[in-house]
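Q: Sequence:
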Amino acid sequence: MKKTLISICCLAISYTSNGQTTEWVLADFLKGDLNGTETNGNPKIMKSPYGDAVYFNGEDDALFLENMPLKSLEEFTIEMIFRPEIDSPSFEQRIVHIGEVSADRLLLEIRTVDDNWYFDGYVASGTNKKALIDKNLLHPLGKWHHVAFVITPNSLTTYVNGKKELHESFIFKTIQTGRSSLGVRLNKRSWFKGAIYSVKITPDQLKPEGFMPF
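Read in the working numbering, the sequence shown has 71 at position 71, and its numbers run on one by one without any break.
Hints are not guaranteed to be accurate.
Said to hold, decoys possible - Restraint ranges, calculated between C-beta atoms of paired labels, are given here: (1) E74 <-> I45: 28 to 38 Å; (2) D114 <-> K31: 29 to 39 Å; (3) V101 <-> E74: 20 to 30 Å.
Unchecked claim - Quick list of in silico lysine-lysine cross-link-like pairs, PhoX-like style, CA-CA up to 25 Å: (4) K130 <-> K164; (5) K31 <-> K188; (6) K143 <-> K71.
Keep in mind the hints are simulated off the structure, nothing from the lab.
C-beta atoms are modelled at their ideal positions from N, C-alpha and C, and glycine is treated no differently.
Given these sequences and hints, build the entire structure.
A: Right, dumping it as structure tokens:
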């Protein structure tokens, strides 16, 4: 299992900090444009309709970041453009994990069934935990998709490809500590097989018209 630490002093153009807005174009991590990024396995750069993306093999490929961009955000929208692989062997796959391993955290997850997947947006905040998931809301594997998870002080909402899927009441307190992983849980369980183009975190409750283009 290959593990590499990338430590470069400059920031990539695609990483923006405007207030507390964060955007990761994942290929830039492998191009050595951001510091504090650890690669596990051998994630590879691949072409996508949006530009260079990163492919994860579902076995040991992942990126780990010291950056924890949710700190002190009382409300935010996290978006992702990704393509889950059609021959994925794992039912449960964690794609983005931000925060602590088992305390306060946020995860973007999928479950795969035959040639389809369904979304799971998960948050743990203090003693409150909630997964927004519905096995009947299926989407095809092997295609590019956009997901969004909107967190407010009192609610959670998920979207897939601009369409609202689930909404639940939830008392959310800010996540203050931790780090980030892409392609697997922070504790290296439930690997993702497929590609990720980008992840964006906006400190606001976005509606579909405000999502990044996909």
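Q: Determine for every hint whether it applies to the structure shown.
A: Verification of the supplied hints:
In this structure, E74 and I45 meet the distance hint of 28 to 38 Å, their C-beta atoms being roughly 35 Å apart. For the pair D114 and K31, the supplied restraint of 29 to 39 Å holds, since their beta-carbon distance comes to about 36 Å. Remark: the range hint 20 to 30 Å for V101 to E74 is upheld by a beta-carbon distance near 23 Å. With a CA separation close to 17 Å, the supplied pair K130 and K164 stays within the 25 Å bound.
Taken as a hint, the K31 and K188 pair is honoured in the structure, with Cα atoms around 23 Å apart against an allowance of 25 Å. About 32 Å separates the Cα atoms of K143 and K71, which puts this hinted pair outside 25 Å; it is violated.
Of the hints listed earlier, the one the structure fails to meet is number 6.
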